[in-house]
Amino acid sequence: MHTPGNADTSSRQIRCRFEASFRMSQARVAIIGVGRMGMRHASVVGDLGLSLEAVSDILPDALSAAGTKLGLGADRQYTDPFRLIDEVRPEVLIVSTTAPTHRDLVVHAARSGVRAVLCEKPAATSIAACDAMIEACLDSGTRLAINHQMRFMEQYQKPRDLVNSPAYGGLGSVIVSAGNFGMAMNGTHYFEMFRYLTDEAPVSVNAWFSPEALPNPRGPQFIDAAGSVRMTTASGKRFYLDCSPDQGHGMFVTYNCRNGRIDIDELSGQMTMTVRDQEHRDQPTTRYGMPYSVTVAAITPADAVAPTRSVLEALLAGANYPTGEDGRLAMQALVAAHISNKRGGSTVRLDDPEIASYGDLPIA
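The opening position of the sequence shown corresponds to residue 1 in this note's numbering, with each subsequent residue numbered one higher.
Derived by calculation from the structure, the hints in this document are not laboratory data.
For clarity, every value in this text was computed on a predicted model and none was experimentally measured.
For every residue, glycine included, the Cβ atom is placed at its ideal position computed from N, Cα and C.
Treat each hint with caution, since some may be false.
Restraint ranges, calculated between C-beta atoms of paired labels, are given here [as the list claims (entries may be wrong)]:
#: 1; residue 1: Ala234; residue 2: Asp75; range: 47 to 55 Å
#: 2; residue 1: Arg36; residue 2: Asp75; range: 21 to 29 Å
#: 3; residue 1: Ile58; residue 2: Ser165; range: 45 to 53 Å
Put together the whole structure using the sequences plus the hints.
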């Protein structure tokens, strides 16, 4: 059983029977799932000069369109992803399908000798599925990355540097105020962002979901939750997310620090930095009206392609990529949120045994 937290890369590698080594110009790649995100992955593969050997999708029309666009003949298009893995034997596999398929595809890839897997988020639909993926990859020496891109995005890198600077005096809380979106589809990204920003795993979660069903663009069979979540770390840092259905605009994040605040409009790319003047920074936090300075700067707006490229590059290099354990931790927080909501918003610790045994979530 895995404990909550971010297992460091070195300890993960010790458990591997061998550590894959790539020369990026020679890696043979295959992509399973060529919808919108899968085609973004294909563009990244092309930009990096990697060899895209084959693609797979269960929808024949989507598969044919992707093959035509990517210059792959019918013999390199597969409706059966397991057959692709067995026949093509790629070194790198990108899994860009919906979450219920992730476990079986990643486990089969690892057991078939694939040396690195980049899997879309959320990592899976349950903690048991995450564990199966992680264990299979550890047993085979396969690198597993989950496409949580936060560590490569300027809109999180800059706040992380600033909140830990003497001027800002340390982070107290993060508040995400957003339009209506799903806890699995978007929320897990923010859960990983909070872990990255604080270098801590959350220890407890409270959640209050809307009773309204959230329409899912990936199909009516998938159900994702919208509403509010609160998380805390062992040191007392707080995270608040509100993505309720009666909110229809924007993605704004506020980083509250001892001596100041950082506000980011993630869609427009505007960052506003407010910080106490230096001579007043040792005053108590109750003196919240101290003189301050404001700086407005541009920051790279939210984008899916560039940070995905960074994840793949890090995976191939073997360092600083979002691991299966990172993806598992985001799923732990999500499952804890579902349990908390069922318990009326009560606090659920991430070591609660119900999290590990909780069934599959109907998420995409």
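Hints versus structure:
For alanine 234 and aspartate 75, the Cβ-Cβ distance of about 54 Å falls inside the hinted range of 47 to 55 Å, so the restraint holds. A C-beta distance of roughly 25 Å is found between arginine 36 and aspartate 75, which places it inside the suggested range of 21 to 29 Å. The beta-carbon spacing between isoleucine 58 and serine 165, approximately 49 Å, falls within the hinted interval of 45 to 53 Å.
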